[in-house]
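> Put together the whole structure using the sequences plus the hints.
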Amino acid sequence: MSSPPPTPSPCSRLPSRSDAPCLRIGLAANRLHHDAPDAALFRLIREIEPAVRGPLRPTLLAVGRTHDAIRREGLLEGYQGLVRYPYGRAGGLMRLVSRVVDPDPAGAIHAAIYLIDPVDPSSTFPEAVALKRQCIIHARPFLSTLLGAREWFELRAVAAGAAPNPALDPVFDFGSQAIALVAHDARKAEMIELVRAHFDFFDRFAMRVATGTTGGLLNALARELRPERQGDWVRALKSGPLGGDAQIAELLLDGACQRVLFLEDPHVARQHEADIQLLERAARTVTDQVACYGDLVTAQAWIADVGAREAARRSRPAKPPR
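Heads up, the final residue of the sequence shown is numbered 322 in full-length UniProt numbering, and it's a clean run with no missing numbers.
Hints are computed from structural coordinates only; laboratory data are not their basis.
Incorrect hints may have been included.
In silico DSSO-like cross-links for lysine-lysine, where the CA-CA straight-line distance does not exceed 30 angstroms [said to hold, decoys possible]:
#, residue 1, residue 2
1, Lys-188, Lys-132
2, Lys-188, Lys-238
3, Lys-132, Lys-238
Quick list of the computed label-pair ranges, beta carbon to beta carbon [to be verified]:
#, residue 1, residue 2, range
4, Pro-103, Asp-203, 32 to 42 angstroms
5, Pro-121, Val-297, 25 to 35 angstroms
6, Glu-224, Gln-300, 14 to 24 angstroms
7, Gly-231, Glu-73, 46 to 56 angstroms
Because the structure is a prediction, the values reported are computed rather than measured.
Ideal Cβ positions, reconstructed from N, Cα and C, are used throughout, including at glycine.
This is the structure:
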């Protein structure tokens, strides 16, 4: 069986539009996510391969073992945009951190996908923690769960002109989902203004939960915007340091919450760091059920892109009757 012809990456040619940047994505996955044919990494690549070869044509900077696993499985065969970075032990993940902060637009990555196994010791190495932190600081999506990566690629593909994938419609059925809204002290004002600007979007969720003070502020906002409503708009949990993060973690593990919007302040030491890590580990434990967003710009882009996908679905021609 002959191999498919090489598919070029946009970084090897001029973009089709002058305002279309060359999409560059960092890619890594812990061993759990590529040690079986149905592992999360392979499920992701199989689903996104049409968009990768079609409208997106990104450069995928894949850390050594992740790259080798994709090749071994016969995925993205002939795709020249799959670039091998060194093994993690040889600095591959460290180099991805540098790509996040690269001032050269031709070298910087636009998103980092790191499918994390929460019990893999390497997931807590300094370079793994730094990758997430720098993504938050520089407002780059940090996608550490399968659901988050699937959703992000679908929204990017639609933005590039692809038709919405009907198989992913349940992912965007917010009326059957819950979202956790969490914000550190320095980000609470951002959270309130984000929800104020997009109240109808967040109102679509079947349930909203929030920690401590953030929950109280959001309920006050809801009473201001919808004074005719009775009861609390969000279910207020304990504050993060008093166990609110653990309460959200249990909701994630139980399948009772599918989204976490956590506006973090990466510039301060956090006394309840263990609680935050517990929340993150829970999301990654149920990697195909939870998507997380960690900064304001990423959250705003998510909301806008969801709206664009819905508009594309509405404009899709109806199937003729059988």
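> Hint by hint, say whether it matches the structure.
Structure-based check of each hint:
1. Lys-188 / Lys-132: 20 angstroms, holds
2. Lys-188 / Lys-238: 16 angstroms, holds
3. Lys-132 / Lys-238: 25 angstroms, holds
4. Pro-103 / Asp-203: 32 to 42 angstroms: Check passed, 40 angstroms falls within 32 to 42 angstroms.
5. Pro-121 / Val-297: 25 to 35 angstroms: Roughly 31 angstroms apart at Cβ, these two residues keep to the hinted range, so it holds.
6. Glu-224 / Gln-300: 14 to 24 angstroms: 21 angstroms, holds
7. Gly-231 / Glu-73: 46 to 56 angstroms: 50 angstroms Cβ-Cβ, so the 46 to 56 angstroms window holds.
When each numbered hint is compared with the structure, no violation occurs for any of them.
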